[in-house]
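Undergrad: Residue numbers (the numbering used here), protein chains in the order written: chain A, 577 to 984; chain B, 577 to 984.
Treat each hint with caution, since some may be false.
Same chains, same label: a pair holds when it works inside one copy or across any pair of copies.
Below, a list of computed lysine to aspartate or glutamate pairs in the DMTMM-like style, where the Cα atoms sit at most 20 Å apart [claimed, not checked]:
| # | residue 1 | residue 2 |
| --- | --- | --- |
| 1 | 743 | 581 |
| 2 | 883 | 961 |
| 3 | 627 | 640 |
| 4 | 663 | 811 |
| 5 | 736 | 694 |
| 6 | 627 | 638 |
| 7 | 932 | 978 |
| 8 | 743 | 694 |
| 9 | 743 | 732 |
| 10 | 736 | 775 |
| 11 | 736 | 716 |
| 12 | 736 | 777 |
No wet-lab data here; the hints were simulated from the structure.
Number of protein chains: 2
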Amino acid sequence: MTSWESLYARRATRMRASEIRELLKLLDRPDVISFAGGIPDSALFPARAFKEAYSEILSGPEADRALQYGVSEGSPRLRRWIAEHMKSLGVDCGPENILVTSGSQQGLDYIGKLFLSEGDTALVQWPTYLGALQAFNAYEPAYDRLDPGTNLSADDIRAKAAASDGKVKFAYLSPDFANPTGRTLDLAERRRTLALAEELDCALIEDAPYECLRYDGAPVPALLALDCEAAGGIEATRTLYCGSFSKSLSPGLRLGWICAAMPVISRLVLIKQASDLNSPVLNQEAMARVAERVFEDHTAGMRATYKARRDAMLAALEAHMPRGTSWTRPEGGMFIWLELPAGIDAADLLTASVEKAKVAFVPGRAFHPDGTGGNTLRLSFSCADAEKIEAGIARLGSLIAETVTATL
Amino acid sequence: MTSWESLYARRATRMRASEIRELLKLLDRPDVISFAGGIPDSALFPARAFKEAYSEILSGPEADRALQYGVSEGSPRLRRWIAEHMKSLGVDCGPENILVTSGSQQGLDYIGKLFLSEGDTALVQWPTYLGALQAFNAYEPAYDRLDPGTNLSADDIRAKAAASDGKVKFAYLSPDFANPTGRTLDLAERRRTLALAEELDCALIEDAPYECLRYDGAPVPALLALDCEAAGGIEATRTLYCGSFSKSLSPGLRLGWICAAMPVISRLVLIKQASDLNSPVLNQEAMARVAERVFEDHTAGMRATYKARRDAMLAALEAHMPRGTSWTRPEGGMFIWLELPAGIDAADLLTASVEKAKVAFVPGRAFHPDGTGGNTLRLSFSCADAEKIEAGIARLGSLIAETVTATL
Chain A
577 MTSWESLYAR RATRMRASEI RELLKLLDRP DVISFAGGIP DSALFPARAF KEAYSEILSG
637 PEADRALQYG VSEGSPRLRR WIAEHMKSLG VDCGPENILV TSGSQQGLDY IGKLFLSEGD
697 TALVQWPTYL GALQAFNAYE PAYDRLDPGT NLSADDIRAK AAASDGKVKF AYLSPDFANP
757 TGRTLDLAER RRTLALAEEL DCALIEDAPY ECLRYDGAPV PALLALDCEA AGGIEATRTL
817 YCGSFSKSLS PGLRLGWICA AMPVISRLVL IKQASDLNSP VLNQEAMARV AERVFEDHTA
877 GMRATYKARR DAMLAALEAH MPRGTSWTRP EGGMFIWLEL PAGIDAADLL TASVEKAKVA
937 FVPGRAFHPD GTGGNTLRLS FSCADAEKIE AGIARLGSLI AETVTATL
Chain B
577 MTSWESLYAR RATRMRASEI RELLKLLDRP DVISFAGGIP DSALFPARAF KEAYSEILSG
637 PEADRALQYG VSEGSPRLRR WIAEHMKSLG VDCGPENILV TSGSQQGLDY IGKLFLSEGD
697 TALVQWPTYL GALQAFNAYE PAYDRLDPGT NLSADDIRAK AAASDGKVKF AYLSPDFANP
757 TGRTLDLAER RRTLALAEEL DCALIEDAPY ECLRYDGAPV PALLALDCEA AGGIEATRTL
817 YCGSFSKSLS PGLRLGWICA AMPVISRLVL IKQASDLNSP VLNQEAMARV AERVFEDHTA
877 GMRATYKARR DAMLAALEAH MPRGTSWTRP EGGMFIWLEL PAGIDAADLL TASVEKAKVA
937 FVPGRAFHPD GTGGNTLRLS FSCADAEKIE AGIARLGSLI AETVTATL
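For reference, chain A alone in the conformation it holds in the complex (with noise of 0.2 Å):
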């Protein structure tokens, strides 16, 4: 028998499973209302538009070249449409500013592998997107915590870096309804997070897999687009944004990107050529279609159907949440962040509540890298119609009552 353990790099030690997507695993039951996925509905897939995108290539002179390898920085139409994308979103760039990659994650671990050595640190929010610290494990970091609503000490940030034996490398965040929390930074935040990362001399990683999806309130600007203004243009960033079309039109063509100064884009090409080559010339070529197509008119539609869905579920929360219990109010995105009493452990009240309530969630002590959070749970509402939304958060809610009161 091989002794795999003996065998693998010290890096493995740090691998765990997503306890998300076991978890989603187990929820999969048609008597469960499930707000646990994280994931967008796949009714609302624009699936038309992909079957003619796909015929149309494979139909014409362009199959050949779709179906060969292909540039490892992504194809040419796409990063197009991607940099004009940019553009509306207040970053002047251009394709060399793009990189495509295999969802926004494989950006993340592409990100992981450019920037950390072992013992560097990286800073994240606490929660935080648990495929994060999954893609930045493999390359053994210290994390510290960015606070972007306190004031944060560079100086003492420096010193816990140097102890751990490393430098802070970068400061991750989601800027947007994040993922766990569904919270949105504000300018003030934005600048103090840009004014730090300038302090420190790190990169800056803004993962904005939801942009897309704002229901209501006006739109912050990015913090690339930020740091363009104050920079002067994006060569002079050190802002590398995370988008995705996962969320807007796909996730199954695994396709998102990065964009940043072209220096760091010409490093993360040869990421990608030695990870994988590049990403599927069929998808790129049918995304960039579809993109181009349907991208407005799409996105509009999801928006007001998640927007009545998280309408539903702030109305049920209100409805039904006993006293002691508190929530974010996204503005936009898919997920409530929820707060139970202290002393309530949110992984204790899912298995109750699976049993019981018929209802699932996602425990909030994952997304925190320190394991605190055990009272905190995540809601996701993309996935369910506003009546069940209402049933399930009723349940929870009487499940939740009964618990506070069993625990008095």
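Fit chain B to the known structure of chain A by using the hints.
TA: Leaving out everything else, chain B in the frame of chain A:
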């Protein structure tokens, strides 16, 4: 201006552009006959079968699922086909032994990530597939030479690895019609390599993208098949088999696989989850259909075409190469490896060849981790017809003859 260089991880110093990819960009000139690109002929892709498969999936009730996130392991239908295919190669396994990857290149990246800490040793052949070195380099290994043709001393290898501050984690090789040499390991060499891996108690990485492209000679069992036989089943083996659809059906969908014992597969699934969540479900579903329907007939047709091209190139080399040159006679794949008289540098020759002879190839030094091999070059016969092969090799032969004379 951000001081990017000071922010990069140590590993970034080992990331370099593929000389070959850079070369290919320059060589895309209509007046040049190119034997440089190691890619399949795109005129041979089963485009109609792919068109039908995509149309079917996107027209039916499966569309929503195909456009959604999927499981990291890969789509069940595709894993089943791959497991059956592995059985046909003498490997008794099930879908649980298969991880679907984005091309076998991604498999190599994941294998580096799983096994290599900085300073660990990877045994590789000299010359070897350049993309493997690029994938492994990100994990900062030391390389030592694997030479299945000679008697290898495990003690010497171990001592050298300890001197580089690590241990031998795996031996990597491509046993059938290797890129770049076209060479195939015979049964004795395979058994010797397996015995060495056993003695070193390390993993064995079998890179087999050309497996389906044998034109003559009897197939030699896969290393994984020999390992299964000796160990008494796949769960007791130490071999990770990397397969690919890129040379059989299409590289454009970016689909390959790793076949190995379950404990390794489950670790690799965690890596996949953290690095890009999953390969596109739509592509996996399309590939499963196309493989089920046309794999046997399609690869038979491709073999006939490539065999004729190989024969044309061998005949042309026989007719036109001056004394002092020698070359391999591959039983399959896409490559012939040519050795020039010592003292003639293939990189210098390439400049003259493109300018005067209008013929392109890949100089061999890049395939050698130790920078030797200056008098070698790789010729690919996959993308040129017999007429072009005869004309191109004739021109190259004359140039080499002139160069040899001038050097005397």
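Undergrad: Go through the copies and call it for residue 736 and residue 775: within, between, both or neither, with a Cα cutoff of 20 Å.
TA: For residue 736 and residue 775, only the intra-copy Cα distance (15 Å) is at most 20 Å; the inter-copy one is 44 Å.
Undergrad: Could you place residue 627 and residue 638 in one of the four classes (within, between, both, neither) given a Cα distance threshold of 20 Å?
TA: Intra 16 Å, inter 12 Å, cutoff 20 Å: intra and inter.
Undergrad: When no copy is specified for residue 736 and residue 777, does a C-alpha distance of 20 Å or less occur within a copy, between copies, both, or neither?
TA: within (15 Å within a copy, 40 Å between copies)
Undergrad: Between the shortest in-copy and the shortest cross-copy C-alpha distance, which are at most 20 Å for residue 736 and residue 694: within, between, both, or neither?
TA: within (15 Å within a copy, 24 Å between copies)
Undergrad: Which holds for residue 932 with residue 978 at a C-alpha limit of 20 Å: within a copy, between copies, both or neither?
TA: This pair counts as within: shortest intra-copy Cα distance 12 Å, inter-copy 86 Å.
Undergrad: At most 20 Å between C-alpha atoms: does residue 736 with residue 716 qualify within a copy, between copies, both, or neither?
TA: This pair counts as within: shortest intra-copy Cα distance 16 Å, inter-copy 26 Å.
Undergrad: With 20 Å as the alpha-carbon cut-off, assign the pair residue 663 and residue 811 to within, between, both or neither.
TA: within (15 Å within a copy, 53 Å between copies)
Undergrad: With identical chains treated as interchangeable, where does the CA-CA distance between residue 627 and residue 640 reach 20 Å or less: within a copy, between copies, both, or neither?
TA: both (18 Å within a copy, 12 Å between copies)
Undergrad: State whether the alpha carbon distance between residue 743 and residue 581 is at most 20 Å within one copy, between copies, both, or neither.
TA: Between copies, since 13 Å is at most 20 Å while 30 Å is not.
Undergrad: Which holds for residue 743 with residue 694 at a C-alpha limit of 20 Å: within a copy, between copies, both or neither?
TA: Intra 10 Å, inter 19 Å, cutoff 20 Å: intra and inter.
Undergrad: With identical chains treated as interchangeable, where does the CA-CA distance between residue 883 and residue 961 reach 20 Å or less: within a copy, between copies, both, or neither?
TA: Answer is within; shortest intra-copy Cα gap is 11 Å, inter-copy 59 Å.
Undergrad: At most 20 Å between C-alpha atoms: does residue 743 with residue 732 qualify within a copy, between copies, both, or neither?
TA: within (12 Å within a copy, 38 Å between copies)
Consistency note: the structure conflicts with none of the earlier hints.
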